[in-house]
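Based on the provided sequences and hints, a complete structural model is requested.
Chains A and B are the protein sequences, given in the same order. Counting from 1275, one number per residue, gives the positions in the first sequence under our numbering. Counting from -2, one number per residue, gives the positions in the second sequence under our numbering.
Heads up, a few of these hints could be off.
[To be verified] A short, non-exhaustive set of chain A residues, derived as facing chain B with CB atoms under 10 Å: (1) Arg1281; (2) Phe1369; (3) Leu1535.
[As the list claims (entries may be wrong)] Per the computed footprint, the stretches of chain A lying under chain B, defined by three or more beta-carbons under 8 Å from a beta-carbon of chain B, are: (4) 1356 to 1363; (5) 1371 to 1385; (6) 1479 to 1488.
Just so you know, the hints here were simulated from the structure itself, not pulled from any lab data. C-beta: ideal position from N, C-alpha, C; glycine also.
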Amino acid sequence: MTDSLQRISAMLLRHYYLFRGSWTRIFDLMYWPVLQMVIWGFITVFLNQHSNWFAQAAGVLIGAVLLWDVLVRAQFGFTLSLLEEMWSRNLANLFVAPLRPYEFGLSLMAMGIIRSAIGVVPAALLAIPLFHYSIFEMGLPLIAFWSMLIMLGWSIGLGIAALLFRFGLAAESYAWASIFLIQPVSGVWYPVEVLPGWLQPVAWALPTTHVFEGMRAVLINGTFRWDLFASAFALNILYLALGFGAFLFAFARARQRGQLLQSSE
Amino acid sequence: MPSLAINVESLTKIFVAGAAPAVDGIAFAVPPGRICGLLGGNGAGKTTTISMLLGILVPTSGRIELLGHDMRRHRFRALPQINFSSPYVDLPGRLTVRENLTVFGRLYGVRDLASRIAELARELELGPLLDRKTGSLSSGQKTRAALAKALVNRPALLLLDEPTASLDPDTADQVRGLLENYARREGAAILLASHNMGEVERLCAEVLMMKTGRIVDRGTPAELIARYGRDDMEQVFLDIARREEA
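What follows is the structure, given as structure tokens:
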């Protein structure tokens, strides 16, 4: 256990060194969440002036954009940390060391949290003076939503890692694009009832839908929906199990095909 | 210490069903303290063999035992005592040499890591390079940094693919001396894939000649040179490489 933690901390140290030596990387992490927050903040100001509904549901859009970015940055953070190893042709060095695949996976998960925090926290703090909106006022429900989105970010990251092990850097574009496939059916900006009937079951199969419906319940009605939290959690457990299964299966296949030594295109 | 650092039996790798094996039923053993050369032309199966020994490639069949551990079942017991270096693999370029050695030292659970890094810096003349980004080094300097990473855990078994590639003759000579001393001092076994026949003659107590996935000949460099009636290993290598094509 101690040895395992030391190896995971060694992987985190590797990424700390990377950030320490490259401030542009940190700026890059913050750039998009801040930009998105500012755009949706101004849209909120405009809508507040022209819609009673939005005036009563202050912060729904800014809250949504910040929480959505928690998910996006968690998945990017996971995947990018793997891509860094592939770009630098370092995977074989890592896997001939006593680093277990699950330890590597756990280090990527930790990096998902860290990169997500570096990206989203500054945007959330900036929303306070700019738009008089503090997502932190949500209190404990925020922690529930945050953890559910981080878990889904890990699951998607694990699935993309499986693709990267299988197809190498040829699958890199999926690392950036996959997450946005679920955005239209996640109820981020609008309630799930807006979707056509046949699409709603798809939406409810995603933890994100439960999180964003739950967020609206907190912000509009002032109630925390335990039922939504429970279903998001159950779905996340399922997807994490599937993601880890795909990750370990793809890793085992990569060892059979010899792709760990040559993990480029 | 186990009596054999490497013990390979009937090792085979077939990447595509029906195609010729990349490695075809090879067997060899290397005792501790010995440097063994793995020679062969491109596509002979050297890198595939080393990858299987390291556990990053699963054999189709056969048995690998490293430092007394069966690599199929107990790979993670052996890996802390093994290391490798290959031109197909790089250290992260945006980290300094010291940072890279720190990360890998921690991955291998090296005690008193700062002293070990200082020791390696002295032996491989890396002192002035320790705080430079690895990606900014010349290819020869990168090779030395990769060797430092390969030695950071004082491995009992070292697998090296072209360890002196892109080094100038003076530095290459120093590195060969370092490897000789390391094997002698630590009782470590080294499996060395190289195209530099002078290097093989100097370092290797035994040479395995590979061709189309098989070990087609083996012996000490002197034995092979005598067997083929040649003056040096370069001529032996050419004889073997061209033998069946003639």
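Results of checking the hints against the structure:
1. With a least beta-carbon distance of about 5 Å to chain B, the hint placing Arg1281 (chain A) at the interface is held under the 10 Å criterion.
2. Below 10 Å, beta-carbon pairs count as interface contacts, and Phe1369 (chain A) has one with chain B at about 5 Å; its hint therefore holds.
3. The interface hint given for Leu1535 (chain A) is met, as the beta carbon of that residue sits about 5 Å from the closest beta carbon of chain B, less than 10 Å.
4. Counting residues of the region 1356 to 1363 of chain A whose C-beta sits closer than 8 Å to any C-beta of chain B gives 4, which meets the bar of three, so the coverage hint holds.
5. Counting residues of the region 1371 to 1385 of chain A whose CB lies closer than 8 Å to any CB of chain B gives 4, so the stated coverage by that chain holds, three being the minimum.
6. Counting residues of the region 1479 to 1488 of chain A whose CB lies closer than 8 Å to any CB of chain B gives 0, which falls below the minimum of 3, so the coverage claim is violated.
The structure fails to meet hint 6 from the earlier list, while all remaining hints are met.
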